[in-house]
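Just so you know, the sequences run in chain order A and B.
Take the first sequence: its position 50, counting from 1, is numbered 100 in my numbering, and each next residue is one higher.
Take the second sequence: its position 111, counting from 1, is numbered 139 in my numbering, and each next residue is one higher.
None of these hints come from the bench; they were simulated from the model.
Misleading hints may appear alongside valid ones.
Computed footprint of chain A on chain B; a stretch qualifies when at least three of its residues, placed anywhere within it, have a C-beta under 8 Å from a C-beta of chain A [stated by the list, open to error]:
1) 70-79
2) 130-139
Among chain A residues calculated to face chain B with C-beta under 8 Å, some are [what the hints assert, rightly or not]:
3) L93
4) L95
5) D106
6) F115
7) F124
8) F146
9) G151
10) Y152
11) G155
12) S156
13) G157
Positions of the beta carbon are idealized from the N, C-alpha and C atoms, including for glycine.
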Amino acid sequence: DAGVIQSPRHEVTEMGQEVTLRCKPISGHDYLFWYRQTMMRGLELLIYFNNNVPIDDSGMPEDRFSAKMPNASFSTLKIQPSEPRDSAVYFCASSFNRGYGYTFGSGTRLTVV
Amino acid sequence: DQQVKQNSPSLSVQEGRISILNCDYTNSMFDYFLWYKKYPAEGPTFLISISSIKDKNEDGRFTVFLNKSAKHLSLHIVPSQPGDSAVYFCAARNSGGSNYKLTFGKGTLLTVNP
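Given only the sequences and the hints, what does the whole structure look like? Please build it.
Below, the structure is given as structure tokens:
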């Protein structure tokens, strides 16, 4: 199993541009989570899906952020327009059937200049 | 409002000694706790967990202790090895209701010196 796959690994973009982060969860996992890691706030949950349906998006910072899961093997997190304060490492994780731990991807390091 | 707190941003220990990482929580509805380990440029990986019905769980060199009355848990690593150098995240889950998510602390950077 290749694990949770995130792309790109690094993204540098200019303020105001649209950014799309991608995630492929582990096959068979029915929960998918998007987290953001910053020095100030640590790992914070942005949104999670169960069976492709968004369950809790209370952590999404503002309307500039949106996430979709069109099928069980793919999810995107989009920021439009991006701002320098969005610079962080974004992690995707998946889990099986309310399992007791997540499997994380390697993350996408986003830098907005 | 941080519901899971790791008050020590960093910890340095000598190889062979014990490492103790601490975590406090405020939400009494948390009933399952986990520790994750994170190396640079990698995602966090699951290390060990404990249910609120227990006060200790051991896995090799790693032991997690839970004190529910104090809302405190700790991770003990004995003996510590240089390969244990990483950021350790404490996480907690509220299993009540239909919401299923982990709340993480900010992490503690452990450095094990040879």
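Could you check the structure against the hints above and give me the numbers of any it violates, in ascending order? 6, 7 and 8
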